[in-house]
Structure formats: structure tokens, C-alpha cells
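Enquirer: Protein sequence lines, in the order shown, are assigned to chains A and B. No gaps in the numbering here: position 111 of the first sequence is 110 in numbering that gives the first Met the number 0, and each next residue is one more. No gaps in the numbering here: position 228 of the second sequence is 227 in numbering that gives the first Met the number 0, and each next residue is one more.
A couple of the hints might just be wrong.
What the hints assert, rightly or not - Computed footprint of chain B on chain A; a stretch qualifies when at least three of its residues, placed anywhere within it, have a C-beta under 8 Å from a C-beta of chain B:
1. 43-54
2. 162-176
3. 315-323
As the list claims (entries may be wrong) - The calculated label-pair distances, taken between Cβ atoms and stated as ranges, are:
4. 164/B x 77/A: 23 to 29 Å
5. 131/B x 327/A: 54 to 60 Å
6. 326/A x 296/B: 32 to 38 Å
7. 301/A x 43/B: 52 to 58 Å
8. 296/B x 107/A: 58 to 64 Å
9. 24/B x 322/A: 50 to 56 Å
10. 350/A x 74/B: 40 to 46 Å
11. 43/B x 299/A: 45 to 51 Å
12. 334/B x 34/A: 31 to 37 Å
13. 159/B x 327/A: 43 to 49 Å
14. 24/B x 319/A: 31 to 37 Å
15. 163/A x 31/B: 33 to 39 Å
What the hints assert, rightly or not - Listing some non-contacts, in silico: residues in chain A with all C-beta distances to chain B over 12 Å:
16. 74
17. 103
18. 140
19. 145
20. 150
21. 188
22. 202
23. 229
24. 236
25. 256
26. 283
27. 297
28. 299
29. 339
30. 342
31. 360
Keep in mind that the hints were calculated from the coordinates and are not lab data. All C-beta atoms in this analysis are idealised placements derived from N, C-alpha and C, irrespective of residue type, glycine included.
Number of protein chains: 2
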Amino acid sequence: MDAARLGSAGGPTAVADEHQSRVDAVLARFFSVTRRRAEPLGAEYVRLWDRLEANTVGGKRFRPRMVLAAYQALGGLDLQAAACIGAAFELLHTALIVHDDVIDHDFVRRGAPNIAGSYRDAARAAGAPDAVAEHRGLSASVIAGDLALFNAYRFVDRSGVGDEMRARLLEVMDDALFASAAGELIDVDFAWMPELPGVDEILGMERLKTAVYSFECPLQAGAILAGAPDETITTLAEFGRDLGIAYQVVDDLLGVFGQESETGKTVVGDLREGKRTVLIAYASALEGWHEVAPLFGDPDLTEEGAERLRRHLEAVGARGFAEGLARYYANRALSRLLEPHVPVALRTELHPIADAVLARRA
Amino acid sequence: MDAARLGSAGGPTAVADEHQSRVDAVLARFFSVTRRRAEPLGAEYVRLWDRLEANTVGGKRFRPRMVLAAYQALGGLDLQAAACIGAAFELLHTALIVHDDVIDHDFVRRGAPNIAGSYRDAARAAGAPDAVAEHRGLSASVIAGDLALFNAYRFVDRSGVGDEMRARLLEVMDDALFASAAGELIDVDFAWMPELPGVDEILGMERLKTAVYSFECPLQAGAILAGAPDETITTLAEFGRDLGIAYQVVDDLLGVFGQESETGKTVVGDLREGKRTVLIAYASALEGWHEVAPLFGDPDLTEEGAERLRRHLEAVGARGFAEGLARYYANRALSRLLEPHVPVALRTELHPIADAVLARRA
Chain A
0 MDAARLGSAG
10 GPTAVADEHQ
20 SRVDAVLARF
30 FSVTRRRAEP
40 LGAEYVRLWD
50 RLEANTVGGK
60 RFRPRMVLAA
70 YQALGGLDLQ
80 AAACIGAAFE
90 LLHTALIVHD
100 DVIDHDFVRR
110 GAPNIAGSYR
120 DAARAAGAPD
130 AVAEHRGLSA
140 SVIAGDLALF
150 NAYRFVDRSG
160 VGDEMRARLL
170 EVMDDALFAS
180 AAGELIDVDF
190 AWMPELPGVD
200 EILGMERLKT
210 AVYSFECPLQ
220 AGAILAGAPD
230 ETITTLAEFG
240 RDLGIAYQVV
250 DDLLGVFGQE
260 SETGKTVVGD
270 LREGKRTVLI
280 AYASALEGWH
290 EVAPLFGDPD
300 LTEEGAERLR
310 RHLEAVGARG
320 FAEGLARYYA
330 NRALSRLLEP
340 HVPVALRTEL
350 HPIADAVLAR
360 RA
Chain B
0 MDAARLGSAG
10 GPTAVADEHQ
20 SRVDAVLARF
30 FSVTRRRAEP
40 LGAEYVRLWD
50 RLEANTVGGK
60 RFRPRMVLAA
70 YQALGGLDLQ
80 AAACIGAAFE
90 LLHTALIVHD
100 DVIDHDFVRR
110 GAPNIAGSYR
120 DAARAAGAPD
130 AVAEHRGLSA
140 SVIAGDLALF
150 NAYRFVDRSG
160 VGDEMRARLL
170 EVMDDALFAS
180 AAGELIDVDF
190 AWMPELPGVD
200 EILGMERLKT
210 AVYSFECPLQ
220 AGAILAGAPD
230 ETITTLAEFG
240 RDLGIAYQVV
250 DDLLGVFGQE
260 SETGKTVVGD
270 LREGKRTVLI
280 AYASALEGWH
290 EVAPLFGDPD
300 LTEEGAERLR
310 RHLEAVGARG
320 FAEGLARYYA
330 NRALSRLLEP
340 HVPVALRTEL
350 HPIADAVLAR
360 RA
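The following block holds chain A by itself, in its conformation from the complex (with noise of 0.2 Å):
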């Protein structure tokens, strides 16, 4: 999701913007110091580091706004504190894809070289052949993601919170990964396992590998930390899970219908890794889906190809219907908002995130 998309679509952009710019402080004093740390241990291991960096910064602080978000709108005032946590949802979303990418075996994210892809190139610049900078690649991408983890831990701990709030804040990082594992694993079975799985499992396995940790834990995470009570913290939680899975449907139509130049990932891509997603889990239980099915997952699929595809998945409905359930979940997350004891406030800011969810083409 494009941030900046996010701001325009309603949101506090300057407060908000400012709010961006003290996480990416956090984050790029936390690189600078490391990196004059690596520097004893050698000229490849600043490189990692600059790479990790590099990949962080890309990002576009989505999950770090989550917190910044609820805890500004709850009257949270220790924005620095609010600006560690942050840059810790940040550096975990950074880990959990660099290790996402040594699974896919992807060394490209968004039309540029990963970590993966960067060392690989690296190697293959140097004479190695392809398997072995490949290789390479996968394994710096392996190292990389596990600094990247600790650190999620340690910005934590920097934050300068207390002793009971350091440890709810922690067990909400903690339930962060535990689902997200949770998901991947699903998720690598899903792969491989010849039955297509169902919308149910789907919609499972994307909230948990993906909408717990990038949705309702960084919204948790910001209202714990501005002290809310107990029901504003579920309410939020509630909020972040229906609207992390309205994110997930969309993802899922834009990796099929999605325009290139916009999403910066060739809308063939998914069809042909046979990525499980809503469309197919819905396509793949009706009636003529034996015509097409030899398409999905075809290494070879052409752009005709993945067209015919397309057209199947629209004239059976599974488009509509995935538009439909990503309606549905946004609009439940609203609805979560409407209960009396959330906070206007709190109602005005993330208003625009949830209709930026559905508004987006990227």
C-alpha cells in the first residue's frame, strides 16, 4: 500500500508526515551506529547492513503508522516512545519478508533486487556461476533477516517504557510472529498440497501470516501504549483483523487485475506461480474450472494465457465476489468504530485508512 496514497485519501497528512519522519530517525540512527559497529568486522558485513537498510527504507512505514495512528488518536504524548515501537513493527515486517523471499525464492520485491538478488548479483558480477550466486544470495537473505528480527526485539526494549508496559508490548510483538509463522507454514503447505484449498482457508492463512502483524498488532500495540482500556484495545484489534483481510482479498485482485505500472509486479506473476489466492479458491470449486486449470501455475503461461484466465475467473464471479469480501471486511471494520467507547478521534483517523484500503491500486 502506498502511505503517501493513504494520507492523500483523507488522513492528517502533515501530522502524520511528521509522525514518519521521527520512525525513520529512529531507524536511520539505529543503521548509522551499526554500521560503524560492523566495520571491525569487515567491508561485506557494512554491506549487509547497508542492504538491510536499504530495504527497510523502501518500505513505506505502513505498519508504523498503524501504531502512530491509534496512539496519537488516543491521546498518546511520548511520541518518541511511539517512534521505537514503530521502527520495531517496521524491522519485523523487514525480516518476515526477506525470509518470505528466501522461501519464494524471489530475488526481486517491487521491480528492484532484494537482498537475494543484490548478493546474487554481486556474485555473479565476481564470475560464480548462476546456482551458486543464487545461492549466495538466498543465504545473505537468511543472515539478513535474522538481524533484522532481533533488532524488531530491540527497539522494544530501547523504547525507554516501563517494566509491565515493556511486557505487554512485547507479548503483542510476540503474537505477531507467532501467527505469522503460523501462516507461512500454511502457507508453504498450501503450495505443494495438490487440492486447491478453500476461501475459509485462504482468508485464514492471509490473516495470519500477514494482517495479525501488519494490522491489528501495530493498532494494539499504539492504543496499549497510550494506556487505552481493555475495550478500545479488543475494538481496535477487532478493526485491524477484518481490515487486514479486506487488504489481503485486495492484494490478492490486484495481483491478477491490478494494473503493472501501478503495482510494479507483472500481473502474471501470481497466475503462474500458482499462487493459492480468494479468486482461485472461489474459481476453483465451481464448474468448468477443468478448462482453464491447466493454466494456473503453468511456468510457461503466456500474457494470452493468464488473459484467458482472467476472463474465466470474471465470467464465473470470482472477481465480483472477492470485490464483495473485501467490501465486507472493510466495511465490518468501520462498523467496529461506530461502538460507543471509541473515541471520535480515534474514529476520524482511521476512517480514511480503511477506505484507502479498498480505494487502492497498488
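Go by the hints and put chain B onto chain A.
Expert: Just chain B now, with coordinates in the frame of chain A:
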């Protein structure tokens, strides 16, 4: 290293065993609670935790032993906190070997399937082709290592120590991972760079990759937790650094000249994989290396070929050199303990550990 052997080499076995079982209890409780927490997320996730536990329990509790040896000899009394710090280092070790196995594409550790191996085997049994089954195994290992790493950190947090102490212990854990990641990165590059590294480079890599987190940091953590003065902590770190290097050199020797029945792994493996060790660094710098060089790293290396390489390493003095190196570092480690500020109890506790490092056969 065999912990029982270390005990029998002169350590206070009964006390050590009691502490060992305290660490076991801490880990067992953690895995039991976590397994129940994983249940709602699916049977496969519970299985991942089971396998992670099996891969942790199968260990030799070597790092917790370092923590407890230093802690106890320096008069520490909060054995529960020390057990938590020991468990933290044990989980860090699990995380690092699980991810090291991903990098090395290893499916076996000490003769039994590791996490990757058991997931691969289960997928094969379910009919997945070899490449798919292996990929599933490595993917599960990426996830499992992340969980172990994150929870290593949490054990420091849960040890119940005060803020300042926690901050110092976290620094040590951070140092441990920071060094190990640097060492792993260098090791990855050694494997594909055409030039063979020199003895200094090998020792530097081995120190970073393994010795720091296995010896230096656990001993430091135990001393810090016991409230030892700075000079004692520094001496322990130096002792750990030297002993850790000795340990790694012995490891290199056992990988080529060990008894398969004792080490539990093939003594052809290191030569077949082309593992960069002190032995090879020494021999490859001498005349005559070109005669055996084609055997080194040959994936089809036979026992006869390995025997020829072994004879070469003996004949040019590589074996004798490595044995001398291990003795040198172990003795230098011991000489650190003669400094007047080292309490006698600490010397008594650590001396047999150094002896055992030199005497070990597995």
C-alpha cells in the same frame, strides 16, 4: 562437545547436572505452554514446535553450562534467573544451527533428520517430488529458526532481572548474534570464492561464527549476572575467546581425522564438501597441494580419495600444526585464569572444561 564428557573430565558433575536439569525444566515449560498456544493455529504448527523442541532438547546444553559455570563460581545465587539466561543461549544456538542448515542445505544433524529433514521426509511420504519435499523442509526450517531466535530474546526478558541488568545481558546476546551473523556471512563467501582463505582468515571466521556465541558471550553473561567486577568479565571473555578458537580447531581436526563411531558424522563429509578449515588453509599454502587439490571438494570423493588427502595433510604437517594450534589457544585460555583477580573457584570450575576441549573425541 559431549556435556557428560566435560563433566567426567573433572567438573563438579552432580552440581552441574542439577543446573542442567533446571535449564531443561525452563525449556520444557516454555515448549509445553507454547504447544498449547499453537493448538488453535493447526496441527501442523504444533508439529513445528514439537520438532523445534526435539532439535533443542537433542543438544548438549553446552552454552547454558558456560553461563552456569561462570555464574556459580562467581557466587551467583539466583539459579532460576541463570537458568533462563542459559535457556536463552540454548535457543539462540538452536536458531543459528537451524538456519545454518538452511544455508548448507543439510537435512541431517548428528545422524538424525533435522527440522528440514523431518519436514522433507513427511512431504515425500505424502507423495511430493524430491525437489518440492526438500523445499518444504528448508522453508519450515526458516520459520522454525525465526521462532527460536525471537524467543531466545524473550528468555532474557523473562529472567526477572532488573532493568539495568537486563540491558547489559541483552547487549551480550546482541553481541553474540552480531558476531555470528558476520561469521556466517564470511563462511558463505569462503565457500564460493575461488581462492582458499589463509589460517588467520579461517580462525577469524570460526571465532565470529561460533566461538563468540558459544563461549565468550555465555561466560560473560554468567559473570555479569553474578555481579562480577569488570576485570573478571573481561578475563572471562578472553578465556572464552581463546578456548572457543581451540574448540573450533579441534572441530576441524575431528571432521577429518575423527572416528565416525564417536563423532556421529562421516569423516569424509568435510573433505567432500570442500569445507574451508585450518587444515586446508595450512596445506594449500604449501608445495604439493596441487597434487591433491582435485580431491578436495569433489562431490564424488571416495573413502580412498579421502584417505589420500588425510595422508597428505599429515605428511605436510597440517595435522600437527592444527593440533599445536588447539593446544596453544587452550593453554593461552588457561593462562588467563592465573591472573590474580580470578577467584580460585572460577579457575577450578573452568580448568577441566579447557582440558576436555583438547581431549574431546566427538
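Enquirer: Broken hints, numbered, in rising order?
Expert: Hint check: 3, 5, 6, 7, 8, 10, 11, 14, 15, 17, 18, 19, 20, 21 fail, others pass.
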